[in-house]
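Based on the sequences and whatever the hints tell you, model everything.
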Amino acid sequence: MTTETTAAPGRRARHLPLGALVVAVVALLASVVVAACIGPATLPWPDVLRALASLLPGVELPGLSEQQLQILWQLRVPRVVLGALVGGTLATAGAAYQGVFRNPLADPYFLGVAAGAGLGATVSITTTIAPFGSATLPLFAFVGAVGAVTATWLLGRSAGGRAAASIILAGVAVSLFLAAIQTYLQLRNVERLREVYGFLLGQLNTAGWGDVRTAAPWALIAVAGMFASRRLLDVLAVGDVEATALGLSTRRVRLIVIGLATLGTAAAVSVAGLIGFVGIVVPHTVRLLVGTSYRALVPLSFLLGASFLVLADIAARTAISPAELPIGVVTAFVGGPFFLLVLRTSRRALL
Amino acid sequence: MSRTILRRIAPAIMLTVGLAACSADTPETDATAAPDTTSEAATEAVAEDTAAAAFPVTVTHDLGEVTFDEQPTSIVSLSATATEMLFAMGAGDQVVAVDSFSNFPAEAPTDEDLSAFEPSAEAILGFEPDLVITAYDANDLVASLTAVEVPVLVFGSASDLDTAYAQWAAIGEATGHAEEAAGEVAEIQRALSELADPAAGAELTYYHELDATLYSATGSTFIGEIYGLFGLTNIADAADADGAAFGYPQLSAEYIVEQDPDLVFLACTVFCAETATTFAERDGFGSLQAVQGLDVIEMDDDVVSRWGPRVVEFATSVAKALAEVG
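Protein chains in written order, with this note's numbering: chain A, 1 to 351; chain B, 1001 to 1326.
Don't take each hint at face value.
Simulated restraints, written as ranges between beta carbons of each label pair [what the hints assert, rightly or not]:
#, chain 1, residue 1, chain 2, residue 2, range
1, B, A1123, A, T127, 21 to 29 Å
2, B, A1202, A, R344, 54 to 62 Å
3, A, L49, B, E1118, 47 to 55 Å
4, A, G63, B, D1113, 54 to 62 Å
5, A, R344, B, E1203, 53 to 61 Å
6, B, D1140, A, F177, 21 to 29 Å
7, B, Q1292, A, P46, 28 to 36 Å
8, A, T127, B, A1244, 30 to 38 Å
9, B, S1074, A, R157, 51 to 59 Å
Far from chain B, some chain A residues (derived; all Cβ distances over 12 Å) [to be verified]:
#, residue
10, P17
11, V23
12, L29
13, R50
14, E60
15, P62
16, G147
17, W209
18, P217
19, A228
20, R231
21, E242
22, A243
23, V253
24, L255
25, G291
The set of hints was computed from the structure by calculation and includes no laboratory data.
Just so it is clear, CB atoms sit at the ideal spot from N, CA and C, and this is done for glycine as well.
As structure tokens, then:
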């Protein structure tokens, strides 16, 4: 890695401020604990804390009834864990896409992931075939997402022209095409429309440990890969020509990072549906707080994204409790105005 | 871009779908409807005479009033419930086409390409209708048809049985079958009051599940009214206390488990292929007392989502389930 030489030891410390890291970790832990205590089912929070403390070896604190323990461990905690995993993965993938394309508007759904996953999920919902039981929908959505980005990559490459721009345009074309098929299928099967919309608006309501098990391995591999690539993203940030001059194969880096970000995004959306704004709002917020270096941006985006979605999900399940609000509505409601605020107050370049 | 637009109309569609008719073939025969239709055939001749005398007639529907100078003879129905009502009141002969969801009764002229959710005025006009009945004014359907002077009646999802009875009466008047419609309503009311047994479920709570995303129907829907005949208490009521979800809220999983309903009625068994087994296999649901006591009841999607003649069948299946629990 030629890139190692560009960062002097003194500068590296500034790139990942320890203070910010500690704050982000504490914020995530705090959001998780608060989220475990709040929900439509009335579990007394001191008892929930006792139940959580019982996870520690040698601690055994009773308090919750058998049914309340079921609610906590089978419904609420997996939902919180999945929210953290999905939020963190989407934010990290968003940062990675923005870096790869040097485009502040890039988000995890940029290259057709959303349309592909939406189509896969719609096919699974409307055909009622379930060869893999409850894992069928996530699998279809995952295949759709990865397939869509693969198509975008191949089309973008064959189109020629400037690499990044033609891939972005291919992504637009693939998205529109797949969305058209998805819309058609959904209109031919309106009796399943509620479930299709459930996916399109994002859903953590029906999350269970099964979803965590399905998504976690892929999401974590992808996040680890993006962590490992964060220095390469810093080099890429100086521009294709300069990066090439520094000895970097921009095309190969782009392919690897897009592959990792897509893998993570596909894993996240396959279980949680299309939750918007996390992937775009969180990385930009981190940029404003600690600067644009990807060495700080990637890990902090993961932590902040995880906290953000865990907190947003508290709103989703309590705002009109015991009814549910789609999580995508909450993230967009908070994320939209926030994003405008960021754009208005920020005079420094976002990338 | 298109997704943004879809998101905007999503809530409206979701509501409509909450009561949407389903297009699957339901092979089961309807024991209660059969004798009705034959007895009506006998009085058909008498009805025709009185029908002609009843026109012109002005009928009130969800979007206003429509006046008919003569009896419609070429009806297109885009509402599965209206289709069932039309055939039950003996207006089936006047019906020329029904939408893809109108799968009952079997003799209804179902056109698989006729969509009630994305209706095409041109496709409908192809049948040269003199009356179109729909549950949902999509794609500016009413404006388009009114512009070419084809009368349209809109009867949306009935919020309660009285609204359903009013729809029976209006469709009866519009088609010249006011008496038969009144007879059907009287018969439904008689059958329901016979089945009603407020003591049967007075101590019991229930959860009516529209699909696996945990959408439900509250007590203030015609669905809830049927369960109410048996004194059952609906766990979804708290989720839509202000009626903002029009009686069809999406519940939180942990709320359902906390409420631990005595009975669970699954209303998407045909389309979503939900069964008592798939319900029990969900995370955290296995411990519910309804699952433990085998009180998860699989209902017919169509019967429990339409407010037409088969509400009696709906009530009968609830009564049967309660008898098995008791």
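Inset, instruction - Hint by hint, work out which the structure violates, then give me just those numbers in ascending order. - result: Those not satisfied come down to hint 17.
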